[in-house]
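*Asks:* Sequence lines, in order, name chains Y and E. Counting in full-length UniProt numbering, the first sequence runs from 1 upward without gaps. Counting in full-length UniProt numbering, the second sequence runs from 1 upward without gaps.
Careful: at least some of the hints might be erroneous.
What the hints assert, rightly or not - Pairs of lysine-lysine, DSSO-like flavour, derived with a Cα cap of 27 Å: (1) Y:Lys170 to E:Lys74; (2) Y:Lys170 to E:Lys38; (3) E:Lys95 to Y:Lys166; (4) Y:Lys166 to E:Lys74.
What the hints contain is simulated information worked out from the structure, not anything from laboratory work.
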Amino acid sequence: MLRTTTGVLARLTINESKTSSSAFALEFVRWRRKPRWLPVAKSKLYRVPERKEQNAEERAELMRLHNNYKLQMRSLRQYLREEVLRLNVTTTADHIVLTPEQEEAEFARCMQENETWNQKIAVERNERLLKERERQAVEIRERLEAARVREEERMERIEEIVRREKELAKTFITHENLETAIEQALANPVDYNFSIDLQGNIYRGRTTLPGGKGTPATSGVQDTEVQQTIEASN
Amino acid sequence: MPSYELAMVLRQMSRPEIVSVLKRTAGTLLDRGCVIRKLENLGTRALPHKISEHGIVHREGTYFNISFDAAPTKISDFMEEFGRDIDIVRRRIFKIEEPEEFQCTLHEEMLPPAYRKDVQEMIDIAKRKQKRKFKYNSGLDYYPFQK
Numbered sequence: 001m002l003r004t005t006t007g008v009l010a011r012l013t014i015n016e017s018k019t020s021s022s023a024f025a026l027e028f029v030r031w032r033r034k035p036r037w038l039p040v041a042k043s044k045l046y047r048v049p050e051r052k053e054q055n056a057e058e059r060a061e062l063m064r065l066h067n068n069y070k071l072q073m074r075s076l077r078q079y080l081r082e083e084v085l086r087l088n089v090t091t092t093a094d095h096i097v098l099t100p101e102q103e104e105a106e107f108a109r110c111m112q113e114n115e116t117w118n119q120k121i122a123v124e125r126n127e128r129l130l131k132e133r134e135r136q137a138v139e140i141r142e143r144l145e146a147a148r149v150r151e152e153e154r155m156e157r158i159e160e161i162v163r164r165e166k167e168l169a170k171t172f173i174t175h176e177n178l179e180t181a182i183e184q185a186l187a188n189p190v191d192y193n194f195s196i197d198l199q200g201n202i203y204r205g206r207t208t209l210p211g212g213k214g215t216p217a218t219s220g221v222q223d224t225e226v227q228q229t230i231e232a233s234n
Numbered sequence: 001m002p003s004y005e006l007a008m009v010l011r012q013m014s015r016p017e018i019v020s021v022l023k024r025t026a027g028t029l030l031d032r033g034c035v036i037r038k039l040e041n042l043g044t045r046a047l048p049h050k051i052s053e054h055g056i057v058h059r060e061g062t063y064f065n066i067s068f069d070a071a072p073t074k075i076s077d078f079m080e081e082f083g084r085d086i087d088i089v090r091r092r093i094f095k096i097e098e099p100e101e102f103q104c105t106l107h108e109e110m111l112p113p114a115y116r117k118d119v120q121e122m123i124d125i126a127k128r129k130q131k132r133k134f135k136y137n138s139g140l141d142y143y144p145f146q147k
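Turn these sequences into a full structure, and let the hints guide you.
*Replies:* The structure is reproduced here in structure tokens:
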């Protein structure tokens, strides 16, 4: 914090030495008061504050007044407390006082009412539970049916695969027909190459040319196909 | 057992030698409990580039294709075994996948952009993303939102 002191000129004349040669007297006030952690100043270290003299009469008078006040207040408070307690015991203003017979009757009535409520709710609950049970049964039946259908479809798919594989198994190569299969393969080279023209005609074979030229290096079936496509293109 | 396809290139050999190599290869497969579905010859022709394999330079080869079913754990064994065979120049085992089903949508794709379904969807998305704007014919004489 920066604070310009008032009476600059006066201060200058008096405390010339303190403010050194500064033309503008500035006083730095960094703290409002001494921080808590600083010890007692050296100049105040052994200072004992003087005790103030008290008038004995005045002191006695003040004591008397104080005692009187305390006594009166205490008795007043005690009186009020006792009155409240007495009223609580005797009055019937805030609650109804019943005879034992009346209490019994009231209790019976409450019990009966509770009983009727319970019965009503039990009926509702039973209805609800019955409905839920039916719904669950329907759901379970549906799911069972769906599972059965799913299983059937799965078995059908599997059967289909098995049938197909059984059909294919006749063409599988085993130790017995390995030689014939090799002979067959060497005799009939397969060619998967093909070309296609803008009309969508497919020319199968690596060296097949449109118009039937070239050497079709394919099996018999593919040959006829090529011929057909060539005819179609022509 | 999944289906696999062994594609291999044999070195230039006489026919009896080729037969013996094929017998050896197929026999290996059969001995390890495989089911051979098909054996195809794709012809003899010049290799796309010269290949140095087992210390010999090859320029021509015979292509073969063997479809078989095998346990997946055996495949690396087969690769290793055929790699040691000096008559096999190249070999690779592929898994046979079910062909993907697709429908030809060329006639839709050939339409002008404004008529294509995907373009229309994109336009819709762009419209939805557009910030709402104050319409000046709303009957109000002031802009009702924060500017």
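*Asks:* Each of the hints needs a verdict: does it hold here or not?
*Replies:* Hints, verified against the model:
no.	hint	in the structure
1	Y:Lys170 to E:Lys74	25 Å, holds
2	Y:Lys170 to E:Lys38	11 Å, holds
3	E:Lys95 to Y:Lys166	21 Å, holds
4	Y:Lys166 to E:Lys74	24 Å, holds
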